[in-house]
Amino acid sequence: MAVFDNFINMYDIKLKPRLLRTLIKEHVPDEKHPFRNPSELSKVVSMIKTHKLLGESSMEATDKKQVEIWTSTVDAWVERLFSLVSSSMPDKRWAGICLLGVTCQECSDERFLASYSVWFHKLLSHIQQSPGDCHFVKVASCASMSDLFTRLGGFSNVKKEGTSHAGKLIQYLLQLLTDDYSEAVWEGAVCLLLTIMTFFPSSIHRHYDSAEAAIASKIISRRSSVHMLKKFSHCLALLPKSRGDEDSWSLMMQKILLTINVHLNDAFQGLEDETRCREAVRLLVAPAKSHPPPLGGQNEASEKLKKRSEQSVISSISTLMLCCSTMLTNSYPVQVNVPVRPLLALIERVLMVDGSLSQSLLPLMTSMQQELICSQLPSLHLHSLELLLSIIKGLRSQLLPYAADIVRLIKVYLKGCTLPELRIQVYLVIKVLLISKGLGMVVYFAQEVIDNAIIDLDSLIHDIGNNASSDAYRKAPSESLLKSSRRKRKHGNRSGSFEEHNDSVNMEPEVFKKGRTSSTSLKIAALEAIECLLSVGGSLRSESSQAGNQKFWRSKIDNLLMIVATNACDGGWAKEEKSVFGPNEKTSSYADLQLASLRALLAALLSPVVRPTYLSQALDLFRRGRQETGTKLAEFCVHALLALEVLIHPRYLPLVDPSQTSINCISAGLNFKLPENKYSHDKKQNPFLVNDESWNQDGDETDYLLTNVEKNVNYPENPNETSGDPEVENIDPTVGSSGIKDSEEQEQQPAMAASDHFVMGDNKDAVMVDAQLSMENSPQENAICHSVNVGPGRTEEESANSEITPGKDFRVDKDDGLAARSENPIIFDSMKGKGSALELDDEGMDSFPDIIDAEPDSD
Amino acid sequence: MELVMASSSTVDGGIGCWDLKTGTERLQYRSCASPPHGLICVGKRLLASSQVRESNSSGSIFYWSWNKPQVEVKSFPAESIKPLVSNRDGSYIIGGGSSGYIYLWEVAGGKLLKKWSGHYRAVTCLSFSDDESLLISGFEDGCVRVWSLFMIFDGLRREEANHLYVHSFHEHTLRVTDIVSFGSSNAIIASVSEDCTCKVWSLSEGTLIGNIVFSSKVYSLALDPSDHALYAGCMDGKIYIAALKAESSRGNNYQIHLTGSLTDHRSIKAVTCLALDAYGISLVSGSDDGMLRVWDTKTRNIIRVFKHPKGPVNNVLIVRLPLYLNGQMPSLRRHGSLLTPALEKYASSTEENAEVKALIAHQTTCNRPLDGLYHSSEVMNDQGKELQQQGSSVASDMELERLKLDCTRSMQMVQQWKKMYETLHQYCVNELLDGDLTGNSS
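Protein sequence lines correspond, in order, to chains U and Y. Numbers 0 to 858, taken from numbering that gives the first Met the number 0, label the letters of the first sequence in order. Numbers 0 to 441, taken from numbering that gives the first Met the number 0, label the letters of the second sequence in order.
Pulled out of the complex, with its shape left as it was, chain U reads as follows:
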């Protein structure tokens, strides 16, 4: 090779064989030299992956000669690997095996298909029993073999060969699992087994029972770490797939459930009623049928069990539960029957044990035993909640008959549950239930979610580190919130069977209030649950209608969310990046909390209510958040502002006939200011706002209010302008098109102006000012569509029970009016005059009382 044979750039195809050759020469160990530095290998692998050195072809590979050179270099590479794999030194063998795995992943399709069989046998010889091999090599060969099968699984034309190859391997793998190897070897073997199950399930068919036995004994025996148990459980859950029929799935599920229940009998002795455990087993095995063989097939399993400590019992129960979850959520080739009742019975059985001794059996348990079981219970609860979640996910719409039971269980559980980790999980379950089951579920859960969220968000509601001026308003609503929640608690629980829980529950709020500041993640979970509640059923009245407070849960929640968001975001925005030295992923940062609070706030604003109460404050928060360039929070704030756009400027969307859009545009332009007026009016209504700093700081809005006032002052001086200006009248083409209606409207016009004027005269209320202002801005609107006048007054009146957002109301209404007049005189014929004429009359007549109605409301 010439010294100055340079490349074009780093993408040049000539570079690749050269680089590979250098790697072979300098970095890959060979027979002659000792292999000192294993980290060299990582560099080699990363080089190969970045430059695709084993690809053997590239997009612009037109030069045949270059490709040939490349191919021969890769040949040399494989040659070197072979020599390494069969080396006598274990570390070189190890290096060879690892690199062969990488080659399986990286090489070209043609090469892989041509030589995978050879590679398979090379690797197989290291997995087979050979006394000389150390564990390290075995683990590496399992990993490389797994990669080989993963790659092979991608080719649909070699399924058969793949299955037969995998079949040869299985017995050695099971041997590895049953023999007394280190955990690393087991892990490698299980990973390989999983890969084979995923891609070539039928190859395990013949070894089904021994595979089940091997894995089950690993789970039941006490020696594996939690990490390993997870893998074993996954493997066990996927095992039925290799047979792919309904029976093996059901049998596996039944066996697992029975095993769990048997283990629970031991663990929960003295903690629960005997009846419950008998009931659980009765549900599993139909009276006429015999018990299935125990899991894993061995009978000594139960004997072993007795000798073991409580701790390992609980960990294998958790593992088996995890296995059930996996079975429920993974797809299965055929439809299978899910034993929902036994599953739910099991979950209830676990969740109802809180470590307290059952009265009748007091002397059976020493305090040490109790301590042991109590220390393990939370993890067991967590796993049963996960199982519950999987049931909900797996059953989808078929959950219906069981939904009520699940809800009841969760409600009872949530009352007693104080550990943050568990509460987070419960919130998650509630969230999933709400999303999947919709409005009907909101009826059940609204009160629970609100009450509990208030407890968990307590420290954010009573945020003391805030300025005094805002404190006054924060205190009032939040205290009333707490009071009402406590009141409700007392008659919350009606299911008589859980009386013992009831007593302890009623004291809770006080306990919480004093000591607890809930963790950030718990707050986030609570906020997410509320967000979900609002998005699914924000407009629904809560079901406890006898209390008479049904309408107010929304305003209570809106209030709460505004306070929480303000408090969470008051001290500036938290940094999103996790520090290099800090704890890893699991913990949520304060930035996540801020994000969650803003998300919930957005849901509250968007969820239909007559009009969002805190729109301007929220907008201010979102605008401030948008400034935080490059953060998730800014991203979300932009989204929020986009979503709220509809509330700020109600735009025209074509209603029935797209040909009307031109008219729509005109009226949209005229109408531009109205909704903003409405919001400024909202602010006046809101007693908290007077002291709200954030709002006062907002220069734009203050200015805006000022201009409003000015206009108001001007207005009474020439009230007749509104209706009298002929030019303005003429701008709108629709008005002239129907003579009768036109005249009707004109008749109403002066009267209305007068009435407005009158109200203005003795009432300095902001509502009326707004209404008038809107008239001034768009007189034609008023001529055509009376609802413009009525808008603010009406929303006042119905603030509690109407469900349509004001902006929407307004625009729909006007468009109809236009549409009816301009396009379709026929319809009025078809109505024979009775409908439309009546309506017009109504509108004309009613507009006066409506405006006057607004008076008392706004006081």
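If you're looking for bench data, these hints aren't it; they were derived computationally from the structure. Do not rely on the hints blindly, as some may be mistaken.
Here are the computed lysine to any residue pairs in the SDA-like style, where the Cα-Cα straight-line distance is at most 25 angstroms [said to hold, decoys possible]:
(1) Y/Lys384 x U/Thr21
(2) Y/Lys384 x U/His32
(3) U/Lys121 x U/Lys63
With the Cβ distance kept under 8 angstroms, some of the chain U side facing chain Y (calculated, not the full set) [what the hints assert, rightly or not]:
(4) Pro37
(5) Ser41
(6) Ser86
(7) Ser87
(8) His134
(9) Ser145
(10) Leu250
(11) Gly439
(12) Val442
(13) Trp572
(14) Ala573
(15) Ala633
Far from chain U by the CB rule (all over 12 angstroms, computed), these chain Y residues [stated by the list, open to error]:
(16) Leu2
(17) Gln27
(18) Asn66
(19) Glu71
(20) Ser128
(21) His169
(22) Ser183
(23) Arg303
(24) Lys306
(25) Gly310
(26) Glu377
(27) Glu398
(28) Trp416
(29) Lys418
(30) Cys427
Think of the CB as a built atom: it goes at the ideal place given N, C-alpha and C, for glycine as much as any other residue.
Starting from the structure of chain U, add chain Y where the hints point.
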């Protein structure tokens, strides 16, 4: 692909099936005589229809699979069932009896899960709310009732509450002919009736929020979600278009304005059923004259006409099949499951509720290998680290083996050196001896 399905109440009227886009006629399903609202598609797997029968002893519900014209499964409920409804998953079928009872079956096992008395008059139409948690039923005497399905299954709550329904509306004076619900958390229900009115209710509030009076009896209703337009098929052969008007002067009533109508001047027979496609563009109407008309809602013109082979049409469905089926109807037996069992006549005792079938549906998951699945390089890196630390037992294991090999090699080397030395020694000795000998000799 969107298919239009239509059935008729005449004996052996059958179900006609056409492709909405191309207009080609497809397989016809035989022996069906359906009452209004009696034809449904169950989870895109099968067609189900209740049957009009002469004898009043028991009702009947038939299933057809997509690719066969013959009835596949026949079920005979305890009484005559007219309206049917199924959820999107196709896991439940709910039917309304002529005695006012409402029946809920699960499809997979055919079990009658619940049966409750809705009213004392016959059920005329059924509809699900958007999230399928509420069921809305209309009755012969104009009553409209909303049920929470959870409540129906919640034994404890049922005992507590003095009535099962969530809302009960009595504003209609004559038979309710169609009900449509629209919207998720803030849903509205629109119902039409033979009393010539269409009434709009707020589902969450449970109040009447709108009323519109037509000039003739209204038989069918379709709601266009994007346009807020409401189509009402009337006895006079016209389809009136109304816009849902949000604001009104009269307190909290929401007015509805008629904005036009779709009229075919050749026909004055009643429009009995309506269906809108997913885009809200094509509206299919079925009429008593046996014709199906496809309207373009934008231009308000008829774009296609189908003729049902027999008799007046009273049911129309638009079924959307996923594209990947590529025109092939999904087969029932694709995943080895046998025939869908017939629906049971009577509910089994409550004790047996434990055996309600719940199925995990087969999901087509993507099985393409992903980079994340490869792990040899990761294992290699981990092991490499471990090797360098030299502390772990596995690493030392390997180190030991290496040292052993080194040792044996060194031993060999020693042996070799020894041998060499010995040879050399021998050689030297020989040389010396030879030298001596020669010296002596010389």
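Hints versus structure:
At roughly 24 angstroms between alpha-carbon atoms, Y/Lys384 and U/Thr21 fall within 25 angstroms of each other, so this suggested pair holds. Of the supplied pair hints, the one linking Y/Lys384 and U/His32 holds, its CA atoms being roughly 21 angstroms apart against a limit of 25 angstroms. A distance of roughly 32 angstroms separates the Cα atoms of U/Lys121 and U/Lys63; the hinted pair therefore is violated under the 25 angstroms criterion. Checking U/Pro37 against chain Y: minimum C-beta separation of about 4 angstroms stays under 8 angstroms; hint holds.
With its C-beta approaching chain Y no nearer than about 5 angstroms, U/Ser41 sits inside the 8 angstroms limit, and its interface hint holds. For the restraint placing U/Ser86 at the interface with chain Y, the shortest Cβ-Cβ distance is roughly 10 angstroms, beyond the 8 angstroms limit, so the hint is violated. Annotation: U/Ser87 was flagged as interfacial toward chain Y, and the flag holds, the nearest CB pair being 6 angstroms apart, inside 8 angstroms. Interface restraint check for U/His134: the shortest CB-CB distance to chain Y comes to about 5 angstroms, inside 8 angstroms, so the restraint holds.
Hint on U/Ser145 holds. Least Cβ distance to chain Y is approximately 7 angstroms, under the 8 angstroms limit. Checking U/Leu250 against chain Y by beta carbon gives a least distance of about 15 angstroms; that is not within 8 angstroms, so the hint is violated. Below 8 angstroms, beta-carbon pairs count as interface contacts, and U/Gly439 has one with chain Y at about 3 angstroms; its hint therefore holds. Residue-level restraint check for U/Val442 holds (minimum Cβ-Cβ distance to chain Y is 6 angstroms; threshold 8 angstroms).
The interface hint given for U/Trp572 is violated, since its Cβ lies 30 angstroms from the closest Cβ of chain Y, which is over the 8 angstroms cut-off. Taking 8 angstroms as the C-beta contact cut-off toward chain Y, the hint placing U/Ala573 at the interface is violated, the least distance being around 31 angstroms. Of the supplied interface hints, the one on U/Ala633 is violated, with its beta-carbon coming no nearer than about 28 angstroms to a beta-carbon of chain Y, more than 8 angstroms. Consistency note on Y/Leu2: stated as away from chain U, and its beta-carbon is indeed over 12 angstroms from all of that chain's, at 23 angstroms minimum.
With a closest Cβ-Cβ approach of about 29 angstroms to chain U, Y/Gln27 is found to remain outside the 12 angstroms limit, as its non-interface label requires. With 12 angstroms as the threshold on Cβ separation, the claim that Y/Asn66 sits away from chain U holds: the shortest Cβ distance comes to roughly 20 angstroms. Annotated as non-interface, Y/Glu71 keeps its C-beta farther than 12 angstroms from every C-beta of chain U; the closest such distance is 17 angstroms. Taking the minimum C-beta to C-beta distance to chain U, about 6 angstroms, the non-interface status of Y/Ser128 is violated against the 12 angstroms cut.
With a cut of 12 angstroms on Cβ distances, Y/His169 stays outside the contact zone with chain U, its closest approach being about 19 angstroms. At roughly 7 angstroms from the closest C-beta of chain U, the C-beta of Y/Ser183 falls inside 12 angstroms, breaking its exclusion from the interface. With a least beta-carbon separation of about 21 angstroms from chain U, Y/Arg303 lies farther than 12 angstroms from that chain, consistent with its non-interface assignment. Here Y/Lys306 stays apart from chain U, with its beta-carbon at least about 28 angstroms from theirs, past the 12 angstroms limit.
No beta-carbon of chain U is positioned within 12 angstroms of the beta-carbon of Y/Gly310; the least distance is around 29 angstroms. The Cβ of Y/Glu377 sits about 8 angstroms from the closest Cβ of chain U, inside the 12 angstroms cut-off, so the non-interface label is violated. Residue placement check: Y/Glu398 does not keep its beta carbon more than 12 angstroms from all beta carbons of chain U (closest about 8 angstroms). Here Y/Trp416 stays apart from chain U, with its beta-carbon at least about 20 angstroms from theirs, past the 12 angstroms limit.
With 12 angstroms as the threshold on Cβ separation, the claim that Y/Lys418 sits away from chain U holds: the shortest Cβ distance comes to roughly 22 angstroms. Once the 12 angstroms rule is applied to beta carbons, Y/Cys427 is consistent with being away from chain U; the minimum gap is 33 angstroms.
Going down the numbered hints, you'll see the structure goes against 3, 6, 10, 13, 14, 15, 20, 22, 26 and 27, while the others check out.
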